[in-house]
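**Q** Residue-level listing of the chains:
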Amino acid sequence: MAMVESKSVIYRKLAAHAFLWFFLALIIFPLLMVIAISFRTGNFAVGDIIPSNPTLDHWRLALGMSIIDEAGRTIPPPFPVLLWLWNSVKVAVISAILIVALSTTCAYAFARLRFSGRSLLLKAMLIFQMFPAVLALVAYYALFSRITEYFPPLGLNTHPGLIFAYLGGIALHVWTIKGYFETIDKSLEESAMLDGASPWQAFRLILLPLSVPILAVVFILAFITAITEYPVASILLQDEAKLTLAVGSQYYLNPQEYKWGDFAAAAVMSGLPITLVFLLAQRWLVGGLTAGGVKG
Amino acid sequence: MADVKIDHLVKNYNPGVARDVLRDINLDIKEGEFVVFVGPSGCGKSTLLRAIAGLDDITSGDLYIGGKRMNDVPPVNRGVGMVFQSYALYPHMTVRENLAFGLKIKKVDKAIAKERVAQASAMLGLDSFLERKPKALSGGQRQRVAIGRALVQHPDVFLLDEPLSNLDAALRVKTRIELARMHQERGSTTIYVTHDQVEAMTLANKIVVLSPLTDDGAASNLEQFGPPLDLYHAPANRFVAGFIGSPKMNFLGGMIEEAGAQRTRIKLDTGVSLTASVDSSRGRAGDKVEVGIRPEHTVLLDDPRADNRITGTVQVAEHLGAETFVYLEVGGKDFTVKVRPETPAVPQSQFDIGVPADACYLFDAKGQAFPRTARFNRT
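Quick mapping for you: the protein sequence lines, in order, are chains L and W.
Throughout the first sequence, residue numbering follows the working numbering, covering 1 to 296 in sequence.
Throughout the second sequence, residue numbering follows the working numbering, covering 1001 to 1379 in sequence.
Chain L on its own, in the form it takes in the complex:
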C-alpha cells in the first residue's frame, strides 16, 4: 500500500531519480565506450559511441580467426585470446571453489570452536589482508621460484602455483562467512548432535545447507577477484600460452602500438564469464533459508 505523500516529497523523489539516472549513465558510459571501440574500424581510443563504419575484425582476431586487411594481406590472430580466457576461467573457478572450501571450514572453527589465540588470529588475518598484494610481489616471486626448485608443478609459470597464491586471500571471506554462521542458532547443531550427528555431519547436513547464500556470495567475489587479478598473475606466469586474459590483454598495448580495438574486444570477452557466473549463482542468493527453524 502506498503511503500518502506531500508534494515536496514527490519533488524530492523526482530529483533523487534524476540523480540516480545520471549516476547510472556515468557508470555505464565507460562500458559502452569499450564495446564501441571493439566494433570501430582501426585502433582508436576516441570516436563516436555508435561507430560510423562498424567492423567485426577485432572480434574475429579475439576469437582466433584470421582477417584480411585493406592491402589484401591475411593477418593471423596475434595472440591466443580464447586460450587466455580459458586459462582465466580455469584458474578462477578452481581457486574460487578452493577458497570457498577453505574459508568455510576456517570460519566454522572461528565461529563455533573455542581455542586460545582465536581473537588474535582473527584480527591478525584481517590486518595482514589490508596490505595490498602488490607490496608482496617480490616475496611472491622469491617464494615461488624457491618452490620451483623443489616442486615444479606448483612453482613459477604454472596454473596450480597461481591458484596456490590466490588461496592466501581468504581472510575477508572467513570474516564474512563467520559473521553469517554466527547468525545461525547454535542449538540447531546441538540438536543434530543429540540426534546422533558427528560434528562433521552437523556441519555438513545442518550448517552448510543453511549457508548456501553466503557461500554463493563468497564464490562470486573470489571468482571476480581471481579473474580480474593482474599483479600476481603477471609475475608468476611467463609463457604466452599460460597467461590469463587480464595479463595477456596487456600485450595489445605496448609503446610502439596501442591496439585499442583488439584490446577492447578482449576486455569485453573477459567480462563474459563473470556475468555468466553471476547469473548462475544468482539462484542461490536467496534469503530466508533459516526462517522457521528457531522461535519467530
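Just so you know, these hints were derived from the structure itself, not from any lab.
Worth double-checking, as some hints may not be accurate.
Label pairs and their calculated CB-CB ranges [claimed, not checked]:
no., chain 1, residue 1, chain 2, residue 2, range
1, L, T105, W, M1123, 51 to 59 Å
2, L, K7, W, G1321, 47 to 55 Å
3, L, L253, W, K1104, 55 to 63 Å
4, L, L135, W, A1218, 33 to 41 Å
Each computed BS3-like pair below joins lysine-lysine, with the alpha-carbon atoms no more than 30 Å apart [as the list claims (entries may be wrong)]:
no., chain 1, residue 1, chain 2, residue 2
5, L, K178, W, K1110
6, L, K186, W, K1267
7, W, K1248, L, K186
8, W, K1135, L, K178
9, L, K186, W, K1005
10, W, K1288, L, K186
11, W, K1104, L, K186
12, L, K178, W, K1104
13, W, K1174, L, K186
14, L, K186, W, K1107
15, L, K186, W, K1135
16, L, K186, W, K1114
17, W, K1338, L, K186
No experiment lies behind these values; they were computed from the predicted model shown.
Backbone N, C-alpha and C fix where the C-beta goes; we use that ideal spot for every residue, glycine too.
Keeping the supplied structure of chain L fixed, place chain W upon it in accordance with the hints.
**A** Frame of chain L; chain W shown alone:
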C-alpha cells in the same frame, strides 16, 4: 526409561576466574518422575539440563543415568531426547525429515524409522503437516514437531528447556495439559526447565528450586528438592518461600518475643505482636526473624481463625472478578492480600485483615525456615 542421579555436581565455565554456575548439586530423580527445575534467570537451571544432556561438560561431580556414569559419554549415547527453548528445527527440512533425521543418522532400519515417525506424528497431530517446512508452521505446531523429534528417538530421559516460553498464554495452558497427559501415557523420566512457578507446580511430581549464586559463599545453589505441595507448605528457606506461590509471599521483619515448640510470639517492626504456629525452639527471644504470610492465606477479621490482625494502607485494588487482590503498605513494606471479590478497598484508606496463626511462616536471620507445626488451608 531410567533414573538420573546427580552427585556433588559443580559447573564453572571458567574455573578459577569465573564464579560457579552450579555448586554442589545433589539430586536423585527416580524412574518415571516428572521433575521441574525452576528458578529465576541466572540460577543455572538450563545449564544443569545441558549438563545432563551432555551439551555442557561437568566441572566436578558425577552424573549417572540408568546407573551408568555419564560424565564422559557424548550426548547421543546418553539416551536423552531434548526439546530446545528455540525449538531448533532444521529449517531446510520438512517436518517428516526433521522427525526422521536422528533415525537416519543412526541408520535405524527404514521400516522401523517410518513406523516411529508415523507414531509420533499421529500422537502429536502432525499428520497433515508432514511435508511442510518449519517456516510454514505456527508456533504451537513447531513446538509439537520439536517434541516429536525427541520422541521418535525413544529416549530414556526426556529433557525440555522452557518449551512453552515462546507460546501465547492460551496455547501455553493447552500444551501444558498435553505434556502432562503425554507423561502419564508414556511414563518416561522427564526433566523440565522453566522460570514459571505455575508450570512447575502444575506439571511436576517433584520440583528443584535453584537460586543464582552470589559471592556470599553459599555451599550450594540447590535450594530445595521435593514435591510441589511440600515446597508450598514447608519451604526450606525464604528464597523458596518467596519463589513458590503466586502472588508472592509477603515478608514482614520482626523479632522473637517468646519462642516455643508449638507456638511462637513475634513482635513485628511495626510494633504489632503476632502468634505463629511455628516451632522456634532453636531460636531465642530477641532473635531477628522474618514472618512470611501468603496473600491467599489471609482471612476476614470476623473469621474465628483470625488470630492476628495486620493493618495497612490500600495502594491499589485489582478486581479480577473471581477474586480481588489488594496491595497494601504495611510499615513501609508491600503486602498483598487476596480477598473476596466484592470486598471494598478505597485507595489510601486503612485496611485490616486477619492472619491465622497456622498461616504464618517464620525465617531466621539467615533465611532458614523454622519448622511449622500446622498447615493452613483457607476453605
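**Q** Now, for every hint given, state plainly whether the structure supports it.
**A** Going through the hints against the structure:
Distance hint for L/T105 and W/M1123: a CB-CB separation of about 40 Å, inconsistent with the stated range 51 to 59 Å. Taking 47 to 55 Å as the suggested C-beta distance range, the pair L/K7 and W/G1321 conforms, at roughly 54 Å. Between L/L253 and W/K1104 the C-beta distance comes to about 59 Å, which sits within the given range of 55 to 63 Å. Between L/L135 and W/A1218 the beta carbons are some 59 Å apart, a value that contradicts the proposed interval 33 to 41 Å.
Our distance criterion of 30 Å between C-alpha atoms is broken by L/K178 and W/K1110, whose separation comes to about 36 Å. Distance restraint check for L/K186 and W/K1267: the Cα-Cα separation of roughly 55 Å exceeds the 30 Å cut-off, and the hinted pair is therefore not satisfied. For a cut-off of 30 Å, the pair hint linking W/K1248 to L/K186 is broken: about 35 Å separates their Cα positions. For the hint pairing W/K1135 with L/K178, the CA-to-CA distance comes to about 24 Å; that is within 30 Å, so the pair holds.
Between L/K186 and W/K1005 the alpha-carbon distance is near 28 Å, which keeps this suggested pair within the 30 Å criterion. Taking the CA atoms of W/K1288 and L/K186, the gap is about 49 Å. The hint is violated against a cut of 30 Å. Of the supplied pair hints, the one linking W/K1104 and L/K186 holds, its CA atoms being roughly 21 Å apart against a limit of 30 Å. A distance of roughly 29 Å separates the Cα atoms of L/K178 and W/K1104; the hinted pair therefore holds under the 30 Å criterion.
A hinted pair counts as satisfied when its Cα atoms are at most 30 Å apart, and W/K1174 with L/K186 qualifies at roughly 29 Å. Restraint check for L/K186 and W/K1107: the C-alpha separation of about 24 Å stays at or below 30 Å, so the hint holds. Restraint check for L/K186 and W/K1135: the C-alpha separation of about 18 Å stays at or below 30 Å, so the hint holds. A distance of roughly 28 Å separates the Cα atoms of L/K186 and W/K1114; the hinted pair therefore holds under the 30 Å criterion.
For the given pair, W/K1338 sits about 44 Å from L/K186 by alpha-carbon distance, which is inconsistent with the 30 Å threshold.
Going down the numbered hints, you'll see the structure goes against 1, 4, 5, 6, 7, 10, 17, while the others check out.
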